[in-house]
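J.: These are the residues of each chain, in order.
Protein chains: 2
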Amino acid sequence: MTGTSLDGIDIAICKFNSFQNKYNFELIWQGHFCFSNQLRSLLLDIISNKSTDLKTLSQLNIAYTNEIANAIEQAKIKSGISNIEAVGFHGQTLWHNPQKEAFCGQSVASTFQLGSGTHLSTVLNTKVVYDFRTSDIALGGQGAPLVPFFDYHFLKSDNENVIALNIGGISNITFLPKNCSADAVIAFDCGPGNCLIDICAQKLFGVDFDENGALASQGEIVPEIFDELITINFIRQKPPKSTGKELFNVSLTQKFFGKYSKYDIIRTVAEFTVYAIVENIRLYANPVDKIVVSGGGAKNSYILSALRKQIESSEIVIIDELGIPSGAKEAIAFAFLAYCKLLGIATNLPSVTGASKSISLGVVAGY
Amino acid sequence: MTGTSLDGIDIAICKFNSFQNKYNFELIWQGHFCFSNQLRSLLLDIISNKSTDLKTLSQLNIAYTNEIANAIEQAKIKSGISNIEAVGFHGQTLWHNPQKEAFCGQSVASTFQLGSGTHLSTVLNTKVVYDFRTSDIALGGQGAPLVPFFDYHFLKSDNENVIALNIGGISNITFLPKNCSADAVIAFDCGPGNCLIDICAQKLFGVDFDENGALASQGEIVPEIFDELITINFIRQKPPKSTGKELFNVSLTQKFFGKYSKYDIIRTVAEFTVYAIVENIRLYANPVDKIVVSGGGAKNSYILSALRKQIESSEIVIIDELGIPSGAKEAIAFAFLAYCKLLGIATNLPSVTGASKSISLGVVAGY
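Here the protein sequences come in this chain order: A and B.
The first sequence begins at 1238 in the numbering used here and counts up one residue at a time.
The second sequence begins at 1238 in the numbering used here and counts up one residue at a time.
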């Protein structure tokens, strides 16, 4: 898994079993690998410029995939696991717009993932399952979120309403009413996860991210900024909905740079991030008994304590407490999607993505 | 099949059988479909500008694939064949550079095909085999040419040395010594096919192509242009070799526009096109008894008569005379590659592409 925050490659080596529609998994090994500086800055450039030349794109497609391949080879060595049956490979999202738009005389929704499953499969000599989002969008869905299928099978409770809250670059929620069926799962992106905070940390403080919210805690909320950010339509838009850096990028906040204290700006952006989560839970995912937090944001004690303050009625736990390392959750989920693809099991949740039917997501290279 | 000349979509509906490593096919229906003007001009723009923004690329990936899907649906109606088992989908080459170059701290060769096999498979509800070139390049090959596998199985002769000469945007040769084994096949791109002639027809005369060489026949060869073009290293470079619009594009000829008669320019470019073919046969594919010509260039009587004049010792036939419509040959070949992929049969010829081993090319979406 490589997410929109471009912080690198998360790898989880898992063993799955299934019996009569019940699944279980064992996490054998997990770890994080950094992109090379060259690759990371090129990815950042292209994603922020939103354009590239064809030669760079073609080469980047392979260079990015090679770094994934190297990380997997290292993971195999570090874990001592050499017999990998298949790799679930998300790819790096370069564009994601599931809303249909007029284009070339058609009405087109699209998603675009960098990375070649065919190349990865060939260099690893292993099956690779990839391109998980395209077919859901072709069926009228959002192509996201896809992790709720994992949440449904592994976090649902018989006697509690559970929310799985992932705070990656973007924040998203899976709402699992107690003992619900698959078509009762509600899930959607809330708004920014770490992405806006990271941008402020990088542009205003020259650090990669705001560790434990140490920077945000030194500032005050600026009402002018906060009040403007919360008017973004996406926040209160009814699910199904999904978003990305097309909406939540530097252009939202840079106009405030220099006008206010940088501590106040990052505090306000952090507060807006929490607001987007809390507001979406209030509007679309309640009542909730337990919130299971994952993603990089689960490590940010500022965000966690703000959430605990604002949602007093629910238990808030970090997914690590359930035996799933928060940084590895999405990687585990895509390993699970890959496992299901090999069995031909449908993995999108039409109630979540809005697709017209369920389908086994992904393509298998190398069989 | 949609080739580099961007003249549209070639569809062939075929039935294949195999028995003990012998294959046969029946061409059930074939036809050509034009791109919409909007799509074609956008593709031309992007390929000539060699760059794009990510949003356009992501949308174009789907819009292009939708036009392929529509063409296939029309082909099914026109042919009366509704039970298509699988589609072989080449995609539109946006970049192809199998030579390794330093990139991002790595040494990278790459090819990039527009078009989503996953999307096509989902909207057609049919298996789609696509991304045929990537794994060969990952194995150190050129990722091209791939049609020689078809030539080997369907054009090889027990008692004649045969050349299959395809004149599409680029011209390429498959040399099949009599009764040869697969690893004795020689095949490579010669140089420009119709691409430079088409550019001159479009830029100098405002027509899509030079029908039957009517324009070229009115001009004279300009030695200054001809002598410069034939010095291009690629022409005499030793196989394996492959090329594309990265080398043979408008920049080669536009500096001559206005300086010489437009008829003389197109004549010279046509003569250079023939020269590149003849020179490659002379250097790397002889002696030859029979040349089987296919592709759009097979319809250009000017090119054919120039070839016949310069290669007097060989019989030159158009592939149509063998029951294979020249415009459909590549489409049939990719249908054959798709058929072989479904059976897991290796389809690259390492002697041709330079790959380190043989592999079953392509990825299957939708199974």
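One or more of the hints may lead you astray.
One copy or two, it doesn't matter: identical chains are merged, so the pair holds either way.
[Claimed, not checked] No farther apart than 20 Å at their CA atoms in a straight line, the calculated lysine to aspartate or glutamate pairs in the EDC-like style are these:
no.: 1; residue 1: K1393; residue 2: E1483
no.: 2; residue 1: K1292; residue 2: D1282
no.: 3; residue 1: K1315; residue 2: E1516
no.: 4; residue 1: K1393; residue 2: D1526
No lab work stands behind these hints, which were simulated from the structure alone.
J.: Each hint should be assessed against the structure and marked as holding or not.
T.: A quick look at each hint next to the structure:
With identical chains, the CA atoms of K1393 and E1483 are never at most 20 Å apart, being 32 Å at best within one copy and 53 Å at best between copies. When the C-alpha separation of K1292 and D1282 is checked against a cutoff of 20 Å, the pair qualifies both within a copy, at 15 Å, and between copies, at 15 Å. Taking CA atoms no more than 20 Å apart as the test, K1315 paired with E1516 passes in neither setting, with 42 Å inside one copy and 54 Å between copies. Taking the closest pair of Cα atoms, K1393 and D1526 come within 20 Å of each other only inside a single copy of the chain (12 Å); across copies the shortest separation is 72 Å, beyond that limit.
Checked against the numbered hints above, the structure violates hints 1, 3; every other hint is satisfied.
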